[in-house]
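Enquirer: What follows is each chain in one-letter form.
There are 2 protein chains.
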Amino acid sequence: MTDPFVVVGGDAAGLSAASKLKRDDPDREVIVFEKGRWVSYAHCGTPYFVKGDIEHLSDLLALSPEEIEERGIDLRREHEVVAVSPDERTVTVRTADGDAVEQAYGDLLVATGAHAATSPIEGAALDGVFTLHGLDSAAAIRAFLDAPDAASVEAVGGGEYVDRETVARYGAMDPPETVALVGGGYVGIEMAEAFAAHDLDVHLFQRSAHVLQPFGEAVAERVEEHLREQGVTLHLDTEVDRLAGDDGRVTGVSFGDGPLDVDMVLVGIGIRPNTDLLAGTGVELGDSGAIATDEYGRTNVEGVYAAGDVAEDRHVVTGGPAWVPLGLTANRAGRAIGGTVAGDPTPVGDVAGTAVLKAFDLECGRTGVVDHEEAREAGFDPVSETITAGSRSGYYPGAAETTVTLTADRDSGKLLGGTIVGSDRAAIRIDTVATALAGELTVSEVERLDLAYAPPFSPVWDPVLTAAKVLGGKL
Amino acid sequence: MTDPFVVVGGDAAGLSAASKLKRDDPDREVIVFEKGRWVSYAHCGTPYFVKGDIEHLSDLLALSPEEIEERGIDLRREHEVVAVSPDERTVTVRTADGDAVEQAYGDLLVATGAHAATSPIEGAALDGVFTLHGLDSAAAIRAFLDAPDAASVEAVGGGEYVDRETVARYGAMDPPETVALVGGGYVGIEMAEAFAAHDLDVHLFQRSAHVLQPFGEAVAERVEEHLREQGVTLHLDTEVDRLAGDDGRVTGVSFGDGPLDVDMVLVGIGIRPNTDLLAGTGVELGDSGAIATDEYGRTNVEGVYAAGDVAEDRHVVTGGPAWVPLGLTANRAGRAIGGTVAGDPTPVGDVAGTAVLKAFDLECGRTGVVDHEEAREAGFDPVSETITAGSRSGYYPGAAETTVTLTADRDSGKLLGGTIVGSDRAAIRIDTVATALAGELTVSEVERLDLAYAPPFSPVWDPVLTAAKVLGGKL
Numbered sequence: 001m002t003d004p005f006v007v008v009g010g011d012a013a014g015l016s017a018a019s020k021l022k023r024d025d026p027d028r029e030v031i032v033f034e035k036g037r038w039v040s041y042a043h044c045g046t047p048y049f050v051k052g053d054i055e056h057l058s059d060l061l062a063l064s065p066e067e068i069e070e071r072g073i074d075l076r077r078e079h080e081v082v083a084v085s086p087d088e089r090t091v092t093v094r095t096a097d098g099d100a101v102e103q104a105y106g107d108l109l110v111a112t113g114a115h116a117a118t119s120p121i122e123g124a125a126l127d128g129v130f131t132l133h134g135l136d137s138a139a140a141i142r143a144f145l146d147a148p149d150a151a152s153v154e155a156v157g158g159g160e161y162v163d164r165e166t167v168a169r170y171g172a173m174d175p176p177e178t179v180a181l182v183g184g185g186y187v188g189i190e191m192a193e194a195f196a197a198h199d200l201d202v203h204l205f206q207r208s209a210h211v212l213q214p215f216g217e218a219v220a221e222r223v224e225e226h227l228r229e230q231g232v233t234l235h236l237d238t239e240v241d242r243l244a245g246d247d248g249r250v251t252g253v254s255f256g257d258g259p260l261d262v263d264m265v266l267v268g269i270g271i272r273p274n275t276d277l278l279a280g281t282g283v284e285l286g287d288s289g290a291i292a293t294d295e296y297g298r299t300n301v302e303g304v305y306a307a308g309d310v311a312e313d314r315h316v317v318t319g320g321p322a323w324v325p326l327g328l329t330a331n332r333a334g335r336a337i338g339g340t341v342a343g344d345p346t347p348v349g350d351v352a353g354t355a356v357l358k359a360f361d362l363e364c365g366r367t368g369v370v371d372h373e374e375a376r377e378a379g380f381d382p383v384s385e386t387i388t389a390g391s392r393s394g395y396y397p398g399a400a401e402t403t404v405t406l407t408a409d410r411d412s413g414k415l416l417g418g419t420i421v422g423s424d425r426a427a428i429r430i431d432t433v434a435t436a437l438a439g440e441l442t443v444s445e446v447e448r449l450d451l452a453y454a455p456p457f458s459p460v461w462d463p464v465l466t467a468a469k470v471l472g473g474k475l
Numbered sequence: 001m002t003d004p005f006v007v008v009g010g011d012a013a014g015l016s017a018a019s020k021l022k023r024d025d026p027d028r029e030v031i032v033f034e035k036g037r038w039v040s041y042a043h044c045g046t047p048y049f050v051k052g053d054i055e056h057l058s059d060l061l062a063l064s065p066e067e068i069e070e071r072g073i074d075l076r077r078e079h080e081v082v083a084v085s086p087d088e089r090t091v092t093v094r095t096a097d098g099d100a101v102e103q104a105y106g107d108l109l110v111a112t113g114a115h116a117a118t119s120p121i122e123g124a125a126l127d128g129v130f131t132l133h134g135l136d137s138a139a140a141i142r143a144f145l146d147a148p149d150a151a152s153v154e155a156v157g158g159g160e161y162v163d164r165e166t167v168a169r170y171g172a173m174d175p176p177e178t179v180a181l182v183g184g185g186y187v188g189i190e191m192a193e194a195f196a197a198h199d200l201d202v203h204l205f206q207r208s209a210h211v212l213q214p215f216g217e218a219v220a221e222r223v224e225e226h227l228r229e230q231g232v233t234l235h236l237d238t239e240v241d242r243l244a245g246d247d248g249r250v251t252g253v254s255f256g257d258g259p260l261d262v263d264m265v266l267v268g269i270g271i272r273p274n275t276d277l278l279a280g281t282g283v284e285l286g287d288s289g290a291i292a293t294d295e296y297g298r299t300n301v302e303g304v305y306a307a308g309d310v311a312e313d314r315h316v317v318t319g320g321p322a323w324v325p326l327g328l329t330a331n332r333a334g335r336a337i338g339g340t341v342a343g344d345p346t347p348v349g350d351v352a353g354t355a356v357l358k359a360f361d362l363e364c365g366r367t368g369v370v371d372h373e374e375a376r377e378a379g380f381d382p383v384s385e386t387i388t389a390g391s392r393s394g395y396y397p398g399a400a401e402t403t404v405t406l407t408a409d410r411d412s413g414k415l416l417g418g419t420i421v422g423s424d425r426a427a428i429r430i431d432t433v434a435t436a437l438a439g440e441l442t443v444s445e446v447e448r449l450d451l452a453y454a455p456p457f458s459p460v461w462d463p464v465l466t467a468a469k470v471l472g473g474k475l
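Chain order of the listed sequences is A and B. Each step along the first sequence adds one to the number in the UniProt record's numbering, with nothing skipped, and position 82 is 82. Each step along the second sequence adds one to the number in the UniProt record's numbering, with nothing skipped, and position 316 is 316.
Only true hints are included.
Derived lysine-lysine pairs resembling DSSO-like cross-links, with alpha carbons at most 30 angstroms apart:
#  : chain 1 : residue 1 : chain 2 : residue 2
1  : B       : 358       : A       : 469
2  : B       : 414       : A       : 414
3  : B       : 22        : A       : 469
4  : B       : 414       : A       : 22
5  : B       : 469       : A       : 358
6  : A       : 414       : B       : 469
7  : B       : 358       : A       : 358
8  : A       : 51        : A       : 358
9  : B       : 22        : A       : 414
10 : A       : 469       : B       : 414
11 : B       : 22        : A       : 474
12 : A       : 35        : A       : 51
13 : A       : 35        : A       : 22
14 : B       : 474       : A       : 22
15 : A       : 22        : B       : 469
If you want the footprint, here are the derived chain B segments under chain A, 3+ residues with CB under 8 angstroms:
#  : segment
16 : 44 to 55
17 : 324 to 335
18 : 350 to 362
19 : 387 to 401
20 : 418 to 432
21 : 449 to 458
In short, the hints are calculated from the structure, not lab data. Ideal Cβ placement from N, Cα and C applies to all residues, glycine included.
Let the sequences and hints guide you as you build the complete structure.
Expert: Structure below.
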């Protein structure tokens, strides 16, 4: 009998793979080891839980442990895989009570995810300093924000899984009044909205000149203007060196222009793949630090797959490896690997780096290669154009200014990527650009796309078409 | 010196062509003959003018005659082209005062548009019976709906262009209480919303079993349910034979189950291309009855182009001719022909038949080949799947059921078309499918598209991806 399909990590990639394999090959044994208590949760929903749009932490669970077991998956929570021996095809697992056991595998999927970075910021261990990675940190933040009489383990709704001690500790503290967000990426922007909803005085620190670096300047400038309109204080071009504390609790932020008194800090300066487990196994990492994989999600080691936030994928535009730790990528790669392990080789699919983001009332989107330096490194001669057009016919109520940037290769005319920002149905329009990248369309082909037009939804020339027309004129 | 570029018809296609030519070749003379008084108006906005979302008729004008003249275009309104002589390269024009003059052309664009059909319904000439084609009919309808003291030529805002006599006549009548919409296509559905906003008792008659035939059954069924919720009485599978009248004014609708008393009727049973002008010229029509054109919008006759609602285009999926009289197609083809005439041969672009529609609170979209009979005629072996999925993450407020149907060719796996319906950002999602058609993607390529995901805008698997997954499982 074949040894089990062993999955390390019980979230999007791991459980998608396990579920798909059990569907296609019900007789194969599947074991999922998860070091924590939470499984199958929607990380992307945590800012909206903190904000209060989502009431209970458990609303963010896609599948309960019971539902996972019903699929025939042998789920073992609080089981940490601490070593992999590819030669013996075994993993070493530490259980909740500290025992170490060996488990043989036929195929292994490493889906260990990523963790939030805090280095090199000093003082990140102080009380009142958070990252946003995992439901426990979201629960602690919300308990901290709620008034002590309203905050409770029951109110956050995490049931048996939540880190009750931390929630109770933050729930007992006086709610913060001033928060510093360190980092103007996804987490910083989404959490600015969440904290503003709790009437905090919100300060956002960004080391470089603009927030949302992967979205380019045109998006960043509109978002920055909008953040200021919403009362967020922006500290651009400002590096935070150190978080100051008193009696173990954060009291301030140190940066060039001097300190700012705060009683809460959220550090969102990026995430790093959880690859420690693979040290010495011979499994190769890519330049990004994440695990290198082929088009089927296979690593260089026989029988070992990797997917999700810990793995690289192939970029649809450059053809080279790319590390894009996002939700769809994880789900899709996991599902494909489940199919492949079941005997139906299924490509995990290329990534375009498509991402969308809500910034208060603005919707932002990006896909493909937008940055000119990145484009040149991939061998292209990039040229971009930015336009602003209405989201609907000008005479129809609700039309809003939508800014689109498209980037193309001058020689081939091939579309390389794009960004969008606006308040009316803007984000979802990036899918047109993402699909055009998958179809390897040129700018003039994009210009001639037969896109939707009706006054309530779009002008005759969709903003993406207008951008293609203008960019086409430059090629 | 080259003879002028002569354009017959002063709306989307004609003026796009004229404007593009003057931009690219300012020295070339361009004459646009328009038989009516209105030019460059947004036909698609008329239901929302009738509804009251748009206040003035003149809000629907994209360009004023003055702005057109400023572009260097010689615009002649109330000039009807009554004959074309391709051998002499001349057109015969009847002016407002009845004179007939000859005009030589170097290149000719026929952009005469289409007219609303009423045949074979008897009684369509009665007072109180309308079609919705052109601003004058929209003005008359709104004047009729408004109370006599509120209705006036000034209130509809058409200025000097509007048919003042008709507006004044309808404005003086008592407003209607019951309206019959004959035909459940775009016009019927959009106008049901417009009439309901004026508190009319709205009856919609559809000859076949479902409204919105080009959108397929899955869309039709949700729209029908929603129309009923909004108080519209549907008469499906019901053919209207005759409109009854008294003293020249409509009083009822005759159909199988007996008559219905109404005081207003809107006939929206389709449009026909305005090709009479070309009888005997040797310009060939296609099977649809519209003018056959090549990829540059050229007819079979040297120097004669056709674009807009009067012309066929090439279908992106079938590769064969298609008559898709819609706004973007007209603008795009006109612009391309302007470029071609200016010396830069520019393809008009294929059509996918992409269309979107607002039906009260529902958004509908369609693109490509959806109908199985049509697919088989084009040589495909069609297979479809319909799914319903959330428009956002399930835990995020505002998620709405979105129904997607995708159709593919069984042999090649190639995507052929799709439809969508839902109340939250549904319509614009059809652009993903339209772009996939242009890229000639297979269903499994669509399944692996890297589309946007963030809880406020989309679930992890966009409804289009979910539909592709399910359809892929059937191939």
